[in-house]
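**Student:** Here the protein sequences come in this chain order: A and B.
When we follow my numbering, the leftmost residue of the first sequence carries the number 24, and every step to the right adds one.
When we follow my numbering, the leftmost residue of the second sequence carries the number 85, and every step to the right adds one.
If you are wondering where the hints come from, they were derived from the structure by calculation, not from laboratory data.
From the three backbone atoms N, C-alpha and C, an ideal C-beta is built for every residue, glycine too.
Keep in mind that a hint or two might mislead.
Unchecked claim - Rough simulated footprint, nothing fancy, chain A against chain B, three-plus residues with beta-carbon under 8 Å:
hint: 1; region: 125 to 136
hint: 2; region: 192 to 205
hint: 3; region: 217 to 226
hint: 4; region: 257 to 263
hint: 5; region: 310 to 316
Stated by the list, open to error - These stretches of chain A come out as covered by chain B in the derived footprint (C-beta under 8 Å, 3 or more residues):
hint: 6; region: 263 to 277
hint: 7; region: 306 to 314
hint: 8; region: 359 to 367
hint: 9; region: 406 to 414
Here is how the chains run, residue by residue.
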Amino acid sequence: MLMGSSCLIRLLLGAAFLLAGISALPGADTVEFKIGYLRLVQPRTTISLVEMPAPNDGLAGAELAVTDNNTTGRFLNQHFSLEDVKLTPADDVAAAVGGLADRGISLLIVDLPADAVLRAADAARARGLLVFNAGALDDRLREVDCRANVVHTAPTRSMLADGLAQYLVWKQWRRWVLIVGSHEPDKLYAEALRRSAQRFGAKIVQEKVFEDTGGSRRSDTGVVQVQRQIPVFTQQLPDYDVLVAADESEVFAGYLPYRTWNPRPVAGSAGLVPTSWNASNDQWGATQMQDRFMRQFARPMTALDMQAWTAARMIGESAVHVRSTDAKATLDFFKSPEFALAAFKGQKLTLRDWNLQLRQPILLTDGRTIVSVSPQEGFLHQFSELDTLGFDRSESKCKLN
Amino acid sequence: MRPSRSLLGFVVIATLTDPACAFTAYVSNEKGNTITVLDTNTLQVIKTIKVGQRPRGIELTKDGKFILVAVGDDDTIQMIDPKSDDIVATLPSGPDPELFTQDPAGNILYVANENNNTVTIIDLEKRVPIGEVQVGVEPEGMGLSPDGKILVNTSETTNMAHFIDTQTRQIIANVLVDPRPRFAAFTSDGSQLWVSSEVGGTVSVIDPAKHEVIKKITFAIPGLRSEAVQPVGINITRDGKTGFVALGPANRVAVIDGATHEVKKYLLVGQRVWHMAFTPDEKYLLTTNGVSNDVSVIDVASLKVIKSIQVGQLPWGIAISRQ
Numbered sequence: 024m025l026m027g028s029s030c031l032i033r034l035l036l037g038a039a040f041l042l043a044g045i046s047a048l049p050g051a052d053t054v055e056f057k058i059g060y061l062r063l064v065q066p067r068t069t070i071s072l073v074e075m076p077a078p079n080d081g082l083a084g085a086e087l088a089v090t091d092n093n094t095t096g097r098f099l100n101q102h103f104s105l106e107d108v109k110l111t112p113a114d115d116v117a118a119a120v121g122g123l124a125d126r127g128i129s130l131l132i133v134d135l136p137a138d139a140v141l142r143a144a145d146a147a148r149a150r151g152l153l154v155f156n157a158g159a160l161d162d163r164l165r166e167v168d169c170r171a172n173v174v175h176t177a178p179t180r181s182m183l184a185d186g187l188a189q190y191l192v193w194k195q196w197r198r199w200v201l202i203v204g205s206h207e208p209d210k211l212y213a214e215a216l217r218r219s220a221q222r223f224g225a226k227i228v229q230e231k232v233f234e235d236t237g238g239s240r241r242s243d244t245g246v247v248q249v250q251r252q253i254p255v256f257t258q259q260l261p262d263y264d265v266l267v268a269a270d271e272s273e274v275f276a277g278y279l280p281y282r283t284w285n286p287r288p289v290a291g292s293a294g295l296v297p298t299s300w301n302a303s304n305d306q307w308g309a310t311q312m313q314d315r316f317m318r319q320f321a322r323p324m325t326a327l328d329m330q331a332w333t334a335a336r337m338i339g340e341s342a343v344h345v346r347s348t349d350a351k352a353t354l355d356f357f358k359s360p361e362f363a364l365a366a367f368k369g370q371k372l373t374l375r376d377w378n379l380q381l382r383q384p385i386l387l388t389d390g391r392t393i394v395s396v397s398p399q400e401g402f403l404h405q406f407s408e409l410d411t412l413g414f415d416r417s418e419s420k421c422k423l424n
Numbered sequence: 085m086r087p088s089r090s091l092l093g094f095v096v097i098a099t100l101t102d103p104a105c106a107f108t109a110y111v112s113n114e115k116g117n118t119i120t121v122l123d124t125n126t127l128q129v130i131k132t133i134k135v136g137q138r139p140r141g142i143e144l145t146k147d148g149k150f151i152l153v154a155v156g157d158d159d160t161i162q163m164i165d166p167k168s169d170d171i172v173a174t175l176p177s178g179p180d181p182e183l184f185t186q187d188p189a190g191n192i193l194y195v196a197n198e199n200n201n202t203v204t205i206i207d208l209e210k211r212v213p214i215g216e217v218q219v220g221v222e223p224e225g226m227g228l229s230p231d232g233k234i235l236v237n238t239s240e241t242t243n244m245a246h247f248i249d250t251q252t253r254q255i256i257a258n259v260l261v262d263p264r265p266r267f268a269a270f271t272s273d274g275s276q277l278w279v280s281s282e283v284g285g286t287v288s289v290i291d292p293a294k295h296e297v298i299k300k301i302t303f304a305i306p307g308l309r310s311e312a313v314q315p316v317g318i319n320i321t322r323d324g325k326t327g328f329v330a331l332g333p334a335n336r337v338a339v340i341d342g343a344t345h346e347v348k349k350y351l352l353v354g355q356r357v358w359h360m361a362f363t364p365d366e367k368y369l370l371t372t373n374g375v376s377n378d379v380s381v382i383d384v385a386s387l388k389v390i391k392s393i394q395v396g397q398l399p400w401g402i403a404i405s406r407q
């Protein structure tokens with residue numbers, strides 16, 4: 024179980040502070056909030072050179088949130104800091120979590136693959152840490168493999184696919200051809216897209232697998248062959264409205280737009296992409312966020328940066344209200360009706376109490392602008408329209424304990 | 085109406101409130117880069133003035149002679165002569181100004197700079213910056229106590245109302261409110277401060293002497309999910325009896341009882357209602373509706389929406405002059 028028997032007292036203290044005006048108290052002891060950041064460092068190549076991830080992808084978002092939290096902390100005598108721990112695939116995740124716990128950290132952001140998230144979660148549970156999954160999109164982490172001490176700020180594949188599907192159906196682009204990569208994450212994304220098609224009334228008229236036969240993303244010879252390969256690959260398909268690609272592995276989707284046999288739009292892993300964030304989002308005050316990020320890191324802000332920012336900002340919010348790093352009190356606050364996060368997405372973000380997934384709109388971007396934001400108009404829900412994205416409470420296989 | 089009033093000899097009252105006088109409303113159109121000028125008597129558009137990029141916060145100078153409009157993408161506040169439509173000055177507002185307020189004498193302008201966590205203080209006559217105050221992340225709402233002694237700034241990501249002593253320019257208190265506080269308004273007697281939280285979906289009523297939240301106003305509209313309730317603009321009648329809160333994408337203005345702080349009524353207006361302004365006689369309350377490109381006119385006495393007027397592209401702010 025999560026530790027922290029004094030959480031009730033702290034909550035009451037927090038409530039007492041809320042009622043009173045908060046003045047900066049010069050000379051009062053500053054409370055330190057140390058946040059762990061655990062990530063797997065492995066090279067990742069993208070088809071587009073401009074989308075190559077920076078070495079601090081994700082971490083930078085958490086660092087920006089720490090800066091934001093510290094601006095607020097000046098008024099509350101709170102100080103936030105990050106400890107960044109980099110792992111290689113050979114490293115022991117549980118040992119790394121233990122090390123962070125030894126250094127007094129109770130709140131931990133992770134950017135790890137699904138299995139490693141579970142190893143971190145189980146090690147964290149033994150030491151009373153609360154984990155924030157900022158990286159893994161896997162639905163199973165919120166469903167059969169959900170954990171009572173893991174909050175998910177990353178959206179799931181099903182949320183991304185539903186966000187895209189709602190828009191395609193709104194556009195009346197109901198006949199899809201689905202092209203799936205040959206790697207495991209591609210197959211999981213395709214599964215989510217199939218579910219969305221069925222859920223919102225689209226029809227997958229044909230599926231094709233794009234085998235990864237190896238090869239580099241960049242070459243001196245250039246895209247001469249690609250220009251011939253893609254039309255041939257997309258020839259002889261039944262009549263369709265949109266080509267949907269599931270290619271998280273960055274093998275082929277980036278080559279599809281403008282090269283299909285029939286002139287059709289592309290969506291999914293290329294073309295119109297559903298995401299938690301894009302550097303082009305300038306709505307709902309996001310311009311300030313993009314500016315702050317660019318000033319601090321001299322590069323555009325990615326979806327992973329946003330997911331990590333969101334986790335560290337959630338910690339900032341709980342610090343203001345709970346005034347403690349206690350993991351249980353922090354989680355109780357997130358699950359309470361008092362919690363609402365402003366994250367430049369046009370509405371408050373709240374937590375699904377049945378699986379600890381953060382509710383969030385899904386942005387649809389062509390990489391240069393935000394084309395639309397889901398949930399789309401007309402997709403209704405009895406509790407929150409954000410719950411039309413991803414697995415809903417009644418479908419959930421998660422048992423938190 | 086005009087002759088009968090003057091016949092009755094309401095000279096003093098007439099100069100103060102003059103309901104017969106045609107007031108002029110100025111609406112900033114965020115996307116159109118224009119100001120729409122409306123006659124509040126005929127409820128017709130008089131003309132459109134071209135301004136800088138992304139006009140939002142808008143006020144008139146206290147002498148009524150000039151329009152001040154924050155043009156965020158040009159990093160300045162433009163001073164415009166409404167007679168000639170000329171931009172007579174650009175004020176050193178600091179980067180990305182959005183909302184601002186003036187001291188009661190009209191000599192000093194306080195500007196929220198969203199992009200660098202500061203409030204800039206400007207001498208309006210000399211048109212030079214004379215100071216700045218470091219506040220929370222993304223300062224936005226600006227409210228000045230009626231006596232001009234306390235400036236309140238709300239910071240959207242820090243989620244606080246910062247109380248600033250205008251003499252010492254020091255923060256004297258910070259009051260936590262719900263997420264994304266966007267607007268701060270004092271009652272005319274200075275006894276209450278209302279702060280709207282756009283993402284939190286609430287209005288905090290604060291005792292400005294004790295720096296305490298004394299009431300949190302919540303909004304429940306049948307058939308509408310809670311995420312759509314996003315309070316921004318607040319206007320309170322001079323007698324303090326009625327408050328109006330613009331609820332953003334809920335497309336409604338809430339009418340609040342000033343004594344009990346209970347919601348009395350929801351008025352359906354245009355889409356994505358941002359800000360509001362009373363005519364000086366408080367006969368009408370005009371609202372800017374960002375998505376439907378119009379202004380709704382609320383009759384304050386009957387609490388009815390009586391007209392909508394097409395304005396420019398994405399209307400945002402509004403100010404009304406006596407002229």
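**Student:** Hint by hint, note whether the structure agrees.
**Tutor:** Taking the hints in turn, this is what the structure says about them:
Evaluation of the coverage hint for the region 125 to 136 of chain B: breached, as 0 residues show C-beta separations to chain A shorter than 8 Å, against a requirement of three. Coverage of the region 192 to 205 of chain B by chain A holds. Counting CB-CB distances below 8 Å, 3 residues qualify, and the rule asks for three or more. Against chain A, the region 217 to 226 of chain B contributes 3 residues with a C-beta closer than 8 Å to a partner C-beta. That satisfies the three-residue criterion, and the hint holds. Judged by the Cβ-Cβ criterion of 8 Å, the region 257 to 263 of chain B is covered by chain A as claimed, because 6 of its residues qualify and three suffice.
Residues of the region 310 to 316 of chain B lying with their CB closer than 8 Å to a CB of chain A number 4, which satisfies the three-residue condition for coverage. Coverage of the region 263 to 277 of chain A by chain B is violated in this model, with 0 residues showing a Cβ closer than 8 Å to a Cβ of that chain against a need of three. Interface restraint, the region 306 to 314 of chain A with chain B: holds (4 residues with C-beta to C-beta distance below 8 Å; minimum three). Residues of the region 359 to 367 of chain A lying with their CB closer than 8 Å to a CB of chain B number 3, which satisfies the three-residue condition for coverage.
For a cut-off of 8 Å, the count of residues in the region 406 to 414 of chain A with a CB near a CB of chain B stands at 4, and the three-residue condition holds.
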